[in-house]
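**Student:** Whenever a hint applies, use it, and build me the whole structure from the sequences.
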Amino acid sequence: MTGPPSLQRRRLASRLNALSVCVVTTFAALAVAFWYFQVVMNAEYVRLAENNHQRRLALRAPRGILYDREFRPLVENRDAYTISILREHSRDLDRVVRRLAEATGVAEQRIRDELDRHRSEPRYRPVVVIGDASLAQVSAVLARRLDFELPDVVVERVPTRRYPALGVGAHLLGYVGEASEAQVQTGGLRPGAVVGQSGVERAYNTELMGTDGERRVMVNSVGREIATLQEIAASEGRRLQLTIDLDLQLAAEHAFHALGYQGAAAFLDPRSGEVLALVSLPAYDPNNFATGIDRATWIRLNTDVLKPLQNRAIQGRYSPGSTFKAVVAAAALEEGIITPVFTVTCRGGATFYGRFFQCHSKSGHGPVDLRHAIEKSCNTYFYTVGNMVGIERLHKWAALLGLAGKTGIDLPNEVESLVPSPEWKKARTGEKWYAGETISVAIGQGQVSVTPISLANLYAAVANGGPHCPPRLLKAINDGQGWRPPDEVAAPEGPRLKPETVAALHDGFWLVVNGAGTGGRARIPGHDVAGKTGTAQVISLEGGRRAAGRTERDLRDHGWFAFFAPRDNPEIAGVVFAEHGEHGSSAAPIARHVLETYFAKREGRPLPAFEAPPGAPAPAAARGAGAGQ
Amino acid sequence: MFDRRLCAHIDWLMLGAVYLLCAIGVVMIASATADPSRATASQLPATQVYALVLGTGALLVCLVIDYRSFGERAHLIYGGLVLLLVYVLEFGSVRGGGRRWIALPWFNLQPSEFMKIGLALVLARLFSETRHQAPSGRELAIAGALTAVPVVLVARQPDFGTAVTIASVVLGVAILAGMRLKLLGLLLAAALLTAPAAWTFALQDYQRGRILSFVNPSRDPLGAGYQQIQARITVGSGGLWGKGFRKGTQGQLSFLPVAHNDFIFSVLAEEQGFVGVLVVLALYAFVVLRAVDTARRARDRLGALLVVGVLSSFLFQVVYNVSMSAGLAPVKGLTLPLMSYGGSSLIATLAGVGLILNVRMRRFTN
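As you go down the protein sequences, you meet chains R and X in turn. With our numbering, the residue at position 72 of the first sequence is 72, and numbering never jumps. With our numbering, the residue at position 1 of the second sequence is 1, and numbering never jumps.
Derived from the structure by calculation, the hints contain no laboratory data. Please read these numbers as outputs of a predicted model, since none were measured by experiment. Don't take each hint at face value.
Unchecked claim - Stretch by stretch, here's where chain X covers chain R in the computed footprint (C-beta under 8 Å, at least three residues):
1) 28–38
2) 59–68
As the list claims (entries may be wrong) - Pair by pair, the computed Cβ-Cβ distance ranges are:
3) R:S6 to X:F245: 51 to 59 Å
4) X:V152 to R:A29: 27 to 35 Å
5) R:R119 to X:L54: 38 to 46 Å
6) X:L187 to R:A29: 23 to 31 Å
7) R:Y36 to X:V152: 48 to 56 Å
8) X:F364 to R:M41: 44 to 52 Å
Said to hold, decoys possible - When the alpha-carbon atoms are kept at most 20 Å apart in a straight line, the in silico EDC-like pairs for lysine to aspartate or glutamate are as follows:
9) X:K182 to X:E139
10) R:K601 to R:E70
11) R:K396 to R:D369
12) R:K498 to R:D369
13) X:K243 to R:E493
14) X:K247 to R:E44
15) R:K601 to R:D247
16) X:K243 to R:E50
17) R:K498 to R:D247
18) R:K498 to R:E423
19) R:K475 to R:D410
20) R:K396 to R:E423
21) X:K247 to R:E50
22) R:K432 to R:E392
23) X:K247 to R:E70
Beta carbons: idealized from backbone N, C-alpha and C, even for Gly.
**Tutor:** Next comes the structure, spelled out in structure tokens:
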């Protein structure tokens with residue numbers, strides 16, 4: 001057979017052979033490919049598979065609770081819900097955003113902005129798009145998740161700070177916020193960690209932070225959690241007991257509000273340096289920061305001319321006015337330049353270095369000794385004595401008594417108080433000190449510029465007779481094994497003053513309040529309040545700003561009242577600074593109210609209500625701006 | 001009509017390999033469709049066993065009746081199937097984006113699966129009558145037309161994968177029937193030249209997307225490339241020995257779409273590892289080579305070409321599906337014959353196996 005059939009048969013046979021070869025080759029190639037993927041590359045694909053089906057969810061650690069000195073909670077935690085988008089497995093991010101916006105009623109653009117902001121972060125990290133979701137939003141998302149509509153959206157319960165209402169203690173407590181990039185790098189924090197950004201929250205951030213936990217869950221392709229693989233519980237941060245007495249804090253803030261003043265106040269226990277109350281007004285609402293502050297509020301707080309974010313008690317610097325006379329008197333007595341009976345005759349002023357320096361009493365105080373010079377705040381006496389002491393020794397004693405420099409309070413960003421010296425002036429301006437400048441310094445004007453906390457520190461030192469402890473806010477710490485005092489408590493510093501110095505100063509300050517002095521509004525019968533008013537001139541300091549469209553009220557002087565009580569064995573000392581209060585006597589009623597509250601508590605009486613003294617300015621609604629939000 | 005002595009010539013080895021693959025398929029379907037969060041067994045494996053019973057019936061019918069009788073009536077079978085395809089386009093039930101099924105009381109018939117056999121029959125008969133060493137141009141033209149009709153009908157369902165599979169039949173049969181390789185080369189060149197036009201006019205957007213993302217899966221890792229990446233992860237994470245029955249996370253957590261259907265081989269690779277892959281590949285290779293051997297021993301040209309026709313679509317689907325399960329080919333809705341879930345596919349494939357056995361069984365008869 002040689003016809004076509006046999007040719008056909010041969011061709012068929014040869015092509016079938018070729019087919020066999022092709023089949024064997026193809027299957028062998030497939031086997032090699034599977035060997036490469038499954039055996040050679042196995043580890044890599046195992047890792048990818050695990051990423052595929054495991055999701056790590058952070059369990060946020062609650063921050064430690066802050067208590068006042070009587071264990072009343074000042075800052076607690078509440079559960080907030082955040083809604084985040086997981087981009088890692090999202091197949092259609094655009095659709096997720098649309099659906100989420102639809103479900104929660106949040107503008108799509110806002111969600112997109114949040115995603116944009118976190119664009120560069122690794123995709124496996126969830127991006128929080130709604131910080132403090134309402135229950136309605138949470139339930140809307142959860143319902144849709146069950147229907148597999150929003151598989152790439154997770155709802156997390158996040159413990160969130162709850163601060164006292166109306167911004168009470170806002171500056172001392174501080175606020176929290178997402179760690180900045182610098183903080184993440186230097187502090188070894190995880191991105192997105194919430195850290196203290198100011199106040200106690202920042203000063204004791206390490207203690208308060210706690211350790212985040214983690215939950216590893218198995219999810220399926222539509223993001224449904226199928227099983228929990230591992231759970232490491234979060235551990236709460238340490239609880240702190242502060243030295244603050246909530247009653248005094250509230251009394252002080254209430255008095256400020258009642259009188260319509262802004263300003264600052266510090267109340268200390270002079271024996272230990274414990275801060276009983278620390279006020280700065282206007283305040284802000286730290287709750288706005290707790291779940292991430294929105295841009296508009298942040299800009300408003302930062303551009304407000306009243307600077308609500310500034311903690312005036314430790315960051316505001318003002319000239320101390322007559323409260324500075326405590327330094328002049330102490331320096332003169334301790335240096336042996338005068339004795340308490342040293343007398344100057346005031347004729348309404350005196351001439352030094354060819355220039356006449358006025359006393360505030362034009363007719364003059366007549367002959368006054370130290371005690372009465374303090375009582376009447378006679379400028380002529382202190383010009384004379386200050387001139388005798390000289391600027392170097394004034395500076396030395398301001399530093400020794402804790403007025404110059406920083407007090408070392410355990411709060412971030414305290415600014416230095418300035419009490420000038422010839423070296424300081426030389427370094428700063430290159431000019432030499434003129435003796436005439438000392439005369440202004442002697443009554444707390446000129447280049448002297450101090451923070452309220454440092455002035456409180458000075459009066460605590462005066463109350464103690466010299467030694468004083470740096471102000472502090474931390475009383476005890478609880479790391480889960482009971483309360484213990486902080487590890488390092490600074491020892492008292494400063495020289496012990498001579499008894500006759502202490503007696504003269506205490507008598508003088510007592511007379512200011514209980515005699516014919518300017519502090520009469522702080523008088524509390526039976527409690528021997530001692531203190532000193534002061535006026536910080538605004539025009540001389542800020543005269544240049546007159547053109548900047550400031551109202552008349554902005555140019556009124558600030559009022560100081562520095563005090564301690566009782567005169568013998570003082571238990572409480574401090575300072576009240578009433579911004580634009582015109583005179584120290586306007587600050588005194590605030591101090592009086594806090595002191596009354598203090599004594600009422602000590603004696604077990606009901607807490608007093610604030611009574612505005614006759615003639616005090618009526619509270620103006622506009623002045624409360626910024627406070628309480 | 002049926003001689004008992006023929007039983008002695010049944011290829012029991014091939015039949016055993018085929019049923020072993022079916023059994024492995026049922027087990028893998030059971031694993032892929034178990035819902036770990038509900039802990040209830042799926043009824044899909046049972047449905048597959050039911051289809052296996054029906055398929056065995058079809059296999060017996062295709063075995064018992066002499067293939068020459070089928071050959072004589074090839075044009076009728078082919079014509080009937082074309083009518084069914086037309087009917088499906090008009091009245092078929094729609095599922096998963098395609099109009100492919102005819103709902104029958106006892107199962108859903110997918111005529112396109114049976115068209116592979118119908119076309120194999122009609123082409124085998126056509127080329128068996130060739131009088132020359134190579135099929136004439138006229139014969140090739142007729143073969144092309146016979147193929148084009150079902151291909152177009154199926155592609156319009158739309159079911160691109162099955163359409164290509166059906167087209168593979170004509171290629172196999174024509175080449176084995178002695179078609180000149182020069183002509184084949186010309187056809188390939190023409191295909192290459194018209195490819196750009198086809199790309200622009202014949203393909204839908206999603207089809208272009210699939211092909212583009214095959215070339216570069218990371219082009220769109222969350223869209224079209226997703227399945228491909230997931231398939232590769234599924235296979236790769238299986239390792240040498242596999243994760244074990246129902247232990248695979250990829251298939252179990254449905255990172256793979258239609259794991260019990262198009263991606264059944266990926267599930268196998270994940271749970272049974274490279275060893276399981278080798279076993280199944282060897283079984284398929286055995287079935288294919290055994291079929292090639294049958295074609296070689298066939299008593300007549302009709303038998304040989306019929307085996308080649310049935311084998312063409314089977315081989316094409318196996319190779320394509322296995323490649324796709326490892327992310328080596330663009331994702332297309334093509335089942336793995338014998339293993340994938342799907343009644344019509346299983347029944348038609350078993351019917352085809354019946355025809356191959358038929359040819360081998362009757363290799364000595366007159």
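**Student:** Next, verify each hint and record whether it holds.
**Tutor:** Right, here's what the structure says about each hint:
1. With 7 residues having a beta carbon nearer than 8 Å to a beta carbon of chain X, the region 28–38 of chain R meets the requirement of three or more and the stated coverage holds.
2. For the region 59–68 of chain R, the stated coverage by chain X is not satisfied: 0 residues place a CB nearer than 8 Å to a CB of that chain, which falls below the threshold of 3.
3. Taken as a hint, the range 51 to 59 Å holds for the pair S6 (chain R) and F245 (chain X), whose Cβ atoms sit roughly 53 Å apart.
4. Range check, V152 (chain X) to A29 (chain R): about 32 Å between beta-carbon atoms, so the 27 to 35 Å window is met.
5. A hinted range of 38 to 46 Å is violated for the C-beta pair R119 (chain R) and L54 (chain X), which are about 55 Å apart.
6. At roughly 24 Å, the beta-carbon separation of L187 (chain X) and A29 (chain R) lies within the given 23 to 31 Å, and the hint holds.
7. Between Y36 (chain R) and V152 (chain X) the CB atoms are about 39 Å apart, so this pair departs from the stated range of 48 to 56 Å.
8. For the pair F364 (chain X) and M41 (chain R), the beta carbons lie near 50 Å from each other, so the given range of 44 to 52 Å is met.
9. For a cut-off of 20 Å, the pair hint linking K182 (chain X) to E139 (chain X) stands: about 16 Å separates their Cα positions.
10. Among the hinted pairs, K601 (chain R) with E70 (chain R) is consistent with the structure: their alpha-carbon atoms are about 12 Å apart, no more than 20 Å.
11. Our distance criterion of 20 Å between C-alpha atoms is broken by K396 (chain R) and D369 (chain R), whose separation comes to about 24 Å.
12. The hinted pair formed by K498 (chain R) and D369 (chain R) meets the criterion: a straight-line CA distance of about 18 Å does not exceed 20 Å.
13. This hinted pair does not check out: K243 (chain X) and E493 (chain R) have alpha carbons roughly 71 Å apart, beyond 20 Å.
14. About 19 Å separates the Cα atoms of K247 (chain X) and E44 (chain R), which keeps this hinted pair within 20 Å; it holds.
15. Taking the CA atoms of K601 (chain R) and D247 (chain R), the gap is about 9 Å. The hint holds against a cut of 20 Å.
16. Annotation: proposed proximity of K243 (chain X) to E50 (chain R) holds, straight-line Cα distance about 13 Å (limit 20 Å).
17. Restraint check for K498 (chain R) and D247 (chain R): not satisfied, since their Cα atoms lie roughly 35 Å apart, outside the 20 Å limit.
18. Simply put, K498 (chain R) and E423 (chain R) have alpha-carbon atoms about 28 Å apart, too far for the 20 Å limit, and the pair is violated.
19. Of the supplied pair hints, the one linking K475 (chain R) and D410 (chain R) holds, its CA atoms being roughly 11 Å apart against a limit of 20 Å.
20. For a cut-off of 20 Å, the pair hint linking K396 (chain R) to E423 (chain R) stands: about 12 Å separates their Cα positions.
21. Between the alpha carbons of K247 (chain X) and E50 (chain R) the distance comes to roughly 13 Å, so the proposed pair stays at or under 20 Å and holds.
22. The hinted pair formed by K432 (chain R) and E392 (chain R) meets the criterion: a straight-line CA distance of about 13 Å does not exceed 20 Å.
23. Restraint check: the Cα-Cα separation between K247 (chain X) and E70 (chain R) comes to about 58 Å, which exceeds 20 Å; the hinted pair is violated.
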